[in-house]
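The listed protein sequences correspond, in order, to chains A and B.
Residue numbering for the first sequence follows UniProt numbering, beginning at 1 and increasing consecutively.
Residue numbering for the second sequence follows UniProt numbering, beginning at 1 and increasing consecutively.
The hints are simulated quantities; they were obtained by calculation from the structure and are not laboratory data.
Since the structure is predicted, the reported quantities are computational estimates derived from the model, not experimental observations.
Every residue gets a Cβ at the ideal spot worked out from N, C-alpha and C, and that includes glycine.
Check before you lean on any hint, since a few could be wrong.
As the list claims (entries may be wrong) - In silico SDA-like cross-links for lysine to any residue, where the CA-CA straight-line distance does not exceed 25 Å:
#  : chain 1 : residue 1 : chain 2 : residue 2
1  : A       : Lys179    : B       : Ser267
2  : A       : Lys138    : B       : Pro260
3  : A       : Lys138    : B       : Asp157
4  : A       : Lys272    : B       : His170
5  : B       : Lys153    : A       : Arg135
6  : B       : Lys67     : B       : Thr101
7  : B       : Lys272    : A       : Gln188
8  : B       : Lys265    : A       : Phe217
9  : A       : Lys138    : B       : Leu145
10 : B       : Lys67     : B       : Ile326
11 : A       : Lys138    : B       : Gln188
What the hints assert, rightly or not - Stretch by stretch, here's where chain B covers chain A in the computed footprint (C-beta under 8 Å, at least three residues):
#  : stretch
12 : 98-107
13 : 169-178
There are 2 protein chains.
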Amino acid sequence: MDSSDIPRKKIAVIGGGLVGSLNACFLAKRNFQVDVYEARQDVRMATFARGRSINLALSYRGRQALKAIGLEDQIVSQGIPMRARMIHSLLGRKSTIPYGTKSQYILSISRENLNKHLLTAVEKYPNVKVYFGHRLLKCSPEDGLITVLGSDKVPKDITCDLIVGCDGAHSTVRTHLMKKPHFDYSQQYIPHGYVELTIPPKNGENKSFTCTLFMPFEEFEKLLTRSNVLDFFHKYFPDSIPLIGEQALAQDFFLLPPQPMISVKCSSFHFKSHCVLMGDAAHAIVPFFGQGMNAGFEDCLVFDELMDKFNNDLSICLPEFSRVRIPDDHAISELSMYNYIEMRAHVNSPLFLFQKNIERLLHAIMPSTFIPLYTMVSFSRIRYHEALLQWYWQKKVVKKGLFFFGTLIAIGSTYLLIRSMPPRPLDYLRRPWDWVANFQNTTCFPANPLESLEQTLKVISWG
Amino acid sequence: MDSSDIPRKKIAVIGGGLVGSLNACFLAKRNFQVDVYEARQDVRMATFARGRSINLALSYRGRQALKAIGLEDQIVSQGIPMRARMIHSLLGRKSTIPYGTKSQYILSISRENLNKHLLTAVEKYPNVKVYFGHRLLKCSPEDGLITVLGSDKVPKDITCDLIVGCDGAHSTVRTHLMKKPHFDYSQQYIPHGYVELTIPPKNGENKSFTCTLFMPFEEFEKLLTRSNVLDFFHKYFPDSIPLIGEQALAQDFFLLPPQPMISVKCSSFHFKSHCVLMGDAAHAIVPFFGQGMNAGFEDCLVFDELMDKFNNDLSICLPEFSRVRIPDDHAISELSMYNYIEMRAHVNSPLFLFQKNIERLLHAIMPSTFIPLYTMVSFSRIRYHEALLQWYWQKKVVKKGLFFFGTLIAIGSTYLLIRSMPPRPLDYLRRPWDWVANFQNTTCFPANPLESLEQTLKVISWG
Numbered sequence: 001m002d003s004s005d006i007p008r009k010k011i012a013v014i015g016g017g018l019v020g021s022l023n024a025c026f027l028a029k030r031n032f033q034v035d036v037y038e039a040r041q042d043v044r045m046a047t048f049a050r051g052r053s054i055n056l057a058l059s060y061r062g063r064q065a066l067k068a069i070g071l072e073d074q075i076v077s078q079g080i081p082m083r084a085r086m087i088h089s090l091l092g093r094k095s096t097i098p099y100g101t102k103s104q105y106i107l108s109i110s111r112e113n114l115n116k117h118l119l120t121a122v123e124k125y126p127n128v129k130v131y132f133g134h135r136l137l138k139c140s141p142e143d144g145l146i147t148v149l150g151s152d153k154v155p156k157d158i159t160c161d162l163i164v165g166c167d168g169a170h171s172t173v174r175t176h177l178m179k180k181p182h183f184d185y186s187q188q189y190i191p192h193g194y195v196e197l198t199i200p201p202k203n204g205e206n207k208s209f210t211c212t213l214f215m216p217f218e219e220f221e222k223l224l225t226r227s228n229v230l231d232f233f234h235k236y237f238p239d240s241i242p243l244i245g246e247q248a249l250a251q252d253f254f255l256l257p258p259q260p261m262i263s264v265k266c267s268s269f270h271f272k273s274h275c276v277l278m279g280d281a282a283h284a285i286v287p288f289f290g291q292g293m294n295a296g297f298e299d300c301l302v303f304d305e306l307m308d309k310f311n312n313d314l315s316i317c318l319p320e321f322s323r324v325r326i327p328d329d330h331a332i333s334e335l336s337m338y339n340y341i342e343m344r345a346h347v348n349s350p351l352f353l354f355q356k357n358i359e360r361l362l363h364a365i366m367p368s369t370f371i372p373l374y375t376m377v378s379f380s381r382i383r384y385h386e387a388l389l390q391w392y393w394q395k396k397v398v399k400k401g402l403f404f405f406g407t408l409i410a411i412g413s414t415y416l417l418i419r420s421m422p423p424r425p426l427d428y429l430r431r432p433w434d435w436v437a438n439f440q441n442t443t444c445f446p447a448n449p450l451e452s453l454e455q456t457l458k459v460i461s462w463g
Numbered sequence: 001m002d003s004s005d006i007p008r009k010k011i012a013v014i015g016g017g018l019v020g021s022l023n024a025c026f027l028a029k030r031n032f033q034v035d036v037y038e039a040r041q042d043v044r045m046a047t048f049a050r051g052r053s054i055n056l057a058l059s060y061r062g063r064q065a066l067k068a069i070g071l072e073d074q075i076v077s078q079g080i081p082m083r084a085r086m087i088h089s090l091l092g093r094k095s096t097i098p099y100g101t102k103s104q105y106i107l108s109i110s111r112e113n114l115n116k117h118l119l120t121a122v123e124k125y126p127n128v129k130v131y132f133g134h135r136l137l138k139c140s141p142e143d144g145l146i147t148v149l150g151s152d153k154v155p156k157d158i159t160c161d162l163i164v165g166c167d168g169a170h171s172t173v174r175t176h177l178m179k180k181p182h183f184d185y186s187q188q189y190i191p192h193g194y195v196e197l198t199i200p201p202k203n204g205e206n207k208s209f210t211c212t213l214f215m216p217f218e219e220f221e222k223l224l225t226r227s228n229v230l231d232f233f234h235k236y237f238p239d240s241i242p243l244i245g246e247q248a249l250a251q252d253f254f255l256l257p258p259q260p261m262i263s264v265k266c267s268s269f270h271f272k273s274h275c276v277l278m279g280d281a282a283h284a285i286v287p288f289f290g291q292g293m294n295a296g297f298e299d300c301l302v303f304d305e306l307m308d309k310f311n312n313d314l315s316i317c318l319p320e321f322s323r324v325r326i327p328d329d330h331a332i333s334e335l336s337m338y339n340y341i342e343m344r345a346h347v348n349s350p351l352f353l354f355q356k357n358i359e360r361l362l363h364a365i366m367p368s369t370f371i372p373l374y375t376m377v378s379f380s381r382i383r384y385h386e387a388l389l390q391w392y393w394q395k396k397v398v399k400k401g402l403f404f405f406g407t408l409i410a411i412g413s414t415y416l417l418i419r420s421m422p423p424r425p426l427d428y429l430r431r432p433w434d435w436v437a438n439f440q441n442t443t444c445f446p447a448n449p450l451e452s453l454e455q456t457l458k459v460i461s462w463g
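Extracted from the complex, chain A is given alone in its bound form (with noise of 0.2 Å):
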């Protein structure tokens, strides 16, 4: 892209992460002068700080944001496939469940390698420098101004056109956005908590595993020793013990405490032409649909898109950039507290998976008009929100179809019950099959429903 026309403006933006150094890059290829302001030291020279999950899952969203700055191939080759979701049952039996076709699966991502080939792709750019251990103390976005404080521990103002917070969960940007008139903002934290536990390499391999237990606080507070640990694993998960090593479970466990899970929400993700804030900082979610990463990259490359769109004018783009994306920030927060849910309740239950197999079915049958939600999540980039709506659709249409099904089954069996004894009119069991006729030609299934909002507004308030 040529943009030597535009005026060099001055971004700063806060917080050297997974979306700030993504975000860094978009801004630098347009030519912008980009500061980006790091509180901790550099991943690729200090010890990696745990507590926040090691692992991530990288999907369809994520990769197509990397692939706008030609980073896809490179961290794709580093990623594991992962196929299929494995279920473990309690007397040692294992099941999958796909995620999505044969074709298709999302990738295993170290956060601290993911996170150091952003970096050093940020740091090629001549246009941008990343200031690390420099915390951001404040900022005035009306003014253009933060306050930042490096290792000299003097605070130093800055002035900038743009500020960006890509701070994380628990954003300092974010917290001046709260201040501004009508911000409406929620943080809501889940009764889960997390662990991290890995399962080593076997014969000599590099292949390790990363296991996550999630469990309720309130379970966690229990497991107070190291037998309370182990009997907790002999008892619920008797399989995963000799792949851990009991040495190594019962003091793994305990070398951080249960990590929480936060939903953060705003009604607003930008302030007047000065300010934006994008990934956790705007929406952060519970992990349970692997999209947080995801999310937060999508959210540089719509921003990014918006920049093509409106040349670069941040009057326009920044307010074009709440109203596109909260509605679906919004749905992958909902379907993300969903999932929580449901995994929790559902993975194990035998209707679960009919559902989930009557749901490859149709996808194999009609697949660009019924698409599982999963698939149009991880591996599409339709707008979540729409996604969200047509799963809707999606579940109204299967129960119908399933209704439909049943009562065509107890129709046909009257029906070939009649047939066997003496013949008469059969006029009024001809009905049926013209409401057959009648709904495969309705707009219930449009060529492809998910062209607009509107469409599928107007096939869901149909049905």
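Starting from the structure of chain A, add chain B where the hints point.
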């Protein structure tokens, strides 16, 4: 209270507004060393910074708190009793809705004046120091550390045993608590804003009126010029114009932009034994029940009562304060939001006035059993959440009662109709009267349904 046996702990009260200065008095009485940090200059010297509502309604809860520090009479003597709401019709007709009985009234109080009195009261305690012009930069509750910035512009670190956040709806203390795990939080702006106008004194008297116009922001945005404003008032509030004066109205209307109103909820008011939030910092509410200040003052009183009960043990009092007070502050938040809707939609409806009259009648008949919501909230210290539950119950009883009397009248008419016909056995008509007797003997009207939440809940689930 003699507390000379208690080691003198150091308490930092953040905010020297209404709740902060009242709280400092309560804490000073307990012989703590109290330092109050207020970002603004001394309101007794500086010109008052406009912005927040200048007029407040003091009712029973606030008065009880002032009484506990010996200030009630002094403050009350300077307030103006308000006994009823005046409704002005478009045609100039006026009707009143009393707030309570003839002897009950709330008091109109000037925020500035009240704050001055409270600050003067605070400074009479030798163990209190108020630091004006000191802004809280940050706090680390777990270390008992606050950083403040005074007029010398050099950040100062101060240690203390307890941080009391009384720093208002946009509390800085709260932003630090929000980073603690399991701290759920929400803030929501309502679509309405307000503008304050003044009716000047007449005939050389010293009696002015403060008028507040509440209106959706989108309506405010339509009033751009002085003539827009005058047209608007001529159309909707014609009788206010001669009182305010056309010129003053057109001028004052644009003095300040319409002010937003926020509703804030927290899932906890404290952090360990190190930090506690009170007043708007803990629960900013919309002003439509006139309880913002009263709820904040009652916070201080409840905390003081807990300190009595648990012998100043902060490690018990702080969690107890959250446990006891959160249901109440959430209840008054809900009630204020309900009143926002009610005042907007129903205050002019005949049904609303009819309900108010029924409530007053029932209260006159059964003063301890049936108490109008406004009376429970403004003229008692019935816990807010119990008032809410009691109110639900009362509404249900009234609804049932109206239905019952309606049925009774229908049956009575039928009875009279039948009487006027040739005589026949009337056995089947006796049952309803049995039912009346039954009704009066049930626990539906317990002697004092407010005694405990459990009882109230039982009655409700029974009803």
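Now the hints, each set against the structure:
no., hint, result
1, A:Lys179 x B:Ser267, "holds (20 Å)"
2, A:Lys138 x B:Pro260, "holds (23 Å)"
3, A:Lys138 x B:Asp157, "holds (17 Å)"
4, A:Lys272 x B:His170, "holds (20 Å)"
5, B:Lys153 x A:Arg135, "holds (20 Å)"
6, B:Lys67 x B:Thr101, "holds (22 Å)"
7, B:Lys272 x A:Gln188, "holds (19 Å)"
8, B:Lys265 x A:Phe217, "holds (23 Å)"
9, A:Lys138 x B:Leu145, "holds (19 Å)"
10, B:Lys67 x B:Ile326, "holds (23 Å)"
11, A:Lys138 x B:Gln188, "holds (23 Å)"
12, 98-107, "violated (count 0)"
13, 169-178, "holds (count 3)"
In this structure, only the earlier hint numbered 12 is contradicted, and the remaining ones agree with it.
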